[in-house]
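**Student:** Okay, here's what each chain looks like letter by letter:
There are 2 protein chains.
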Amino acid sequence: MLGNFTYHNPTKLYFGDGALGHLKEELKKYGKNVLLVYGGGSIKKNSLYDEIVDILKESGKVWAEVSGVMPNPTLEKLYEGIETARKNKTEFILAVGGGSVCDFSKAVSVSVNCKEDPWDKYFLRFEEPECDIIPVGCVLTMAGTGSEMNAGSVISNHKEHLKIGHVFGEEVMPKFSILNPVYTMTLPEYQMKAGIYDIMNHICEQYFSGDDDNTSDYISEGLMRGLVNSSRIAVKDPQNYEARSNIMWTATWALNTLVAMGKSTDWMVHMLGQAVGAYTDATHGMTLAAVSLPYYRYIMPYGVKKFARFATEVWKISPEGKTEEQLAKEGIEALESWMKEIGLVMNITDLGATTDMIEGIADATIILEGGYKILNRDEVVKILKDSL
Amino acid sequence: MLGNFTYHNPTKLYFGDGALGHLKEELKKYGKNVLLVYGGGSIKKNSLYDEIVDILKESGKVWAEVSGVMPNPTLEKLYEGIETARKNKTEFILAVGGGSVCDFSKAVSVSVNCKEDPWDKYFLRFEEPECDIIPVGCVLTMAGTGSEMNAGSVISNHKEHLKIGHVFGEEVMPKFSILNPVYTMTLPEYQMKAGIYDIMNHICEQYFSGDDDNTSDYISEGLMRGLVNSSRIAVKDPQNYEARSNIMWTATWALNTLVAMGKSTDWMVHMLGQAVGAYTDATHGMTLAAVSLPYYRYIMPYGVKKFARFATEVWKISPEGKTEEQLAKEGIEALESWMKEIGLVMNITDLGATTDMIEGIADATIILEGGYKILNRDEVVKILKDSL
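Protein sequence lines, in the order shown, are assigned to chains G and V.
First residue of the first sequence: 1372, per this note's numbering; consecutive thereafter.
First residue of the second sequence: 1372, per this note's numbering; consecutive thereafter.
Bound-form chain G, shown alone:
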C-alpha cells in the first residue's frame, strides 16, 4: 500500500549530446563567483574542461577551482573545498564529474556558511543545514549514483574508518544537471560496470522491502528490465549511444526519490558496501556487488515472496511447477549470472579486504531496519565473511 508522502524534485535536467549548450542560460541565474569542482583531471584529457572554461568566460564569471576530488571524497578534501569556497566568496558551485564530484559539491554547499564542523553535524548527527546553502549545478560524466537529481552526499573519514551518507532535503538538490551520455563513453570499462551495478543495487535496495503491492515496485521492475538489456549491449559495445543513454537515464530515476515513494526501503547492501569502502577505498559499485549475493541469500527466507516476484517479473523465469522458494532462489541465481556476465567483482577479497579487517568493517557497518530481516552484529560478520 502506498503510504503518505511528499514528492518534489525541482532539479532541471538537460539530456542528450547537445546538453552542454544549456549551461550558459543556467549560469545567468547565479552570482559571478563560481567554484569549479572536478576529479582526477580526465576532463582535461578530453575537451570538456576547455569547453566549460570557455562558457564560464563568455558568461563573465570569475572562478576558483577544486580539483582532484577522489572517487570516495574524504573529509580532508571537504575542508579544502570549504576553505577555497570561503576565500573566493563562492556564489555558485559547478560540479563536473561523476557522483563523487556531485556528492562532494553538495557537501561543500551546505558547509561554507555553517559554523559547526560539517562531519559532526551532517554525517554523525544527521542534522539539517540551517545556514544559507550555495546552489549547485552538475555536468555529469559518469552514470551510476543518481547524485545529479537527489540530495544525497557520501563522505569518507579515513581516520575514523567511516564512510557515511546523508540524504538532505530538496534544497540541497542540484538546481540543474547536464547529462550527456557521450561523456560516459570515455570511462574505463571498470567504472562503467561499477556504475551499472550501483544503479541495479539502488533499485534493489528500494524493491526488496515490504510485502505490499505498489506502483513503485512496478516502475522498479521496468527500470531493472531495461537496465539488464542495456547493460548487456554496453558491455559488448561501450560506444553504443542507445545503450549508454538508457543507462544514464535509468541511473537518474533509480535514485531520485521516485521509486521509494510510499514504500519502505532497505539500504543494507549500501551500509555493508560503504563499510568495506571505508577500509579498502574500493570503487563504490564494486563494493556493493561484492557483498550483495551473500546478503540477499541470507535474507531471502524472510522475504521469499518478493524474491519470487523478482524472478518472474525481472528475469522472466517461468513459475510453472515451482515453489516460491525455488523461484526466489532462481531469481538470485539469475542476478548472479548477469553480474558475472557483465564482469563485476564478486567478492571483497578482490577489493583488498582481508579476514583481519572483518571485525572493523562490521563495526563500521550502520545497521538499518527496512529490510526483510534486521541484522544483528553476528549476522553482519557472517555476511562479510561469506563475501570474502
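Keep in mind that the hints are not guaranteed to be accurate.
As the list makes no split between identical chains, a pair holds if one copy fits it or if it spans any two.
Stated by the list, open to error - Straight-line C-alpha distance at most 20 Å; calculated PhoX-like pairs for lysine-lysine:
| # | residue 1 | residue 2 |
| --- | --- | --- |
| 1 | K1687 | K1677 |
| 2 | K1546 | K1383 |
| 3 | K1700 | K1432 |
| 4 | K1677 | K1700 |
| 5 | K1432 | K1400 |
| 6 | K1700 | K1383 |
| 7 | K1415 | K1492 |
It should be emphasised that the hints constitute simulated quantities derived from the structure, not laboratory data.
Note that the structure is predicted; figures quoted are calculated from it, not measured.
We have chain G already, so just place chain V on it with the hints.
**Tutor:** Frame of chain G, contents of chain V only:
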C-alpha cells in the same frame, strides 16, 4: 534511442489520506485573493468543500467561487471564469475536482492577464502565454487525466464542434497538488472506470510510437502492468485503498511528461476521442475506449514489433511458436478482454454517436504524425465507422 530533451517538473505533490493537511502551508506562499474552482457540487455532498473553506478562512484568504465546471469544460465557462477572476483580482486559483477542473483552472490562469481571446490564441494558434500567469494549486478528487502534474488543458467549443488540448510550458503546471485516494472512492463506478482507461491510454499513446529501445518504454510497461493489476482489484472492490492509491499514483506518472522523454509519441486515439467528445459530450475516458481497438487494429501492421512486445511484456503472453503478427494480435486481444472485464464502453454508438455524425467528427479530428501510420481523412472515417 533517447533523443535530446529537457526534463523539469516543479509540481510538489502531497499524497495520502492526510494530504489536505498541507494546504495551509502552501496557501501561505500566495496572495490573499483566491479563486475557488470546482465542479458539479459533489464536494459539497461530502465534507471536502467545508474543510477547504475552513482552511481558506484560517489562512485569512478572501475567495470568489466558480462552480459547475463541467466534465468537458466549455469556452463559455472559461469566459465566465476569466471574468470572475478579473473582478475579484484573483492572485491564486485553487482547483478542487478532477482533470476537468484542473484543466479549466490552468486555462483561466493563462487568460486573466491576456488581452487576446484565449480560444484563438491558445487553442487554435497554439501560442504560448506572454502575460503574467496566475499560480494554480489542485486538490484532486478523480484519478485519470494527470492534469495535477502537467501543463495540459483541454477546452470544448460546442459552437464550432471542437475539443482541443494545449500542452503549455512548465510555468503553467500546478505549483502543488494534493492527492488523497480516499476522495476518489466516492466517485460513481462509471467515472472510475473511465479514469482507469484514460490512464491506460495515456501510456499507450506514448508507448505505441517509434521502434527504438529506450528506458521510457520499460517504465511504461511497469506502469501498465501495475495498472492492470490494481484496476482488477478496484473494479471488484472500489473501497480498496491499496488499489485506488496505486491507480491515482499511476495516473500522475502516466502523463506528467516522464514517459515521453526522449521518444516519439502518437496521441491519435486522443484526437479521435476528443472529436467524438466534441459531438457527444461523452465522458473523456470512454470516448478513448470506444475508438481505441479499431485504431490499434488498423495501425498494427505498421508497428507489429511494438505490438508484439506489448503482448509479451505487458500481458505476459508466451512468444513460443508464434510469429510477431500472431503475438501482436494476441496483445490487442488481451487489451480488449481486459477492457471488457473492467466494463468500459466499447463503441461510440453507446456514447450517442450516429452514422450521420461521422463526417463531422472526422472534420473535427486533428491528424497528428507520431504514430506507426499517419492517417488520411478516409482512414479516420473508416476507423470512426468501425467504432460505431
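**Student:** Can you give the numbers of the hints that this structure goes against, from lowest to highest?
**Tutor:** 3, 6, 7
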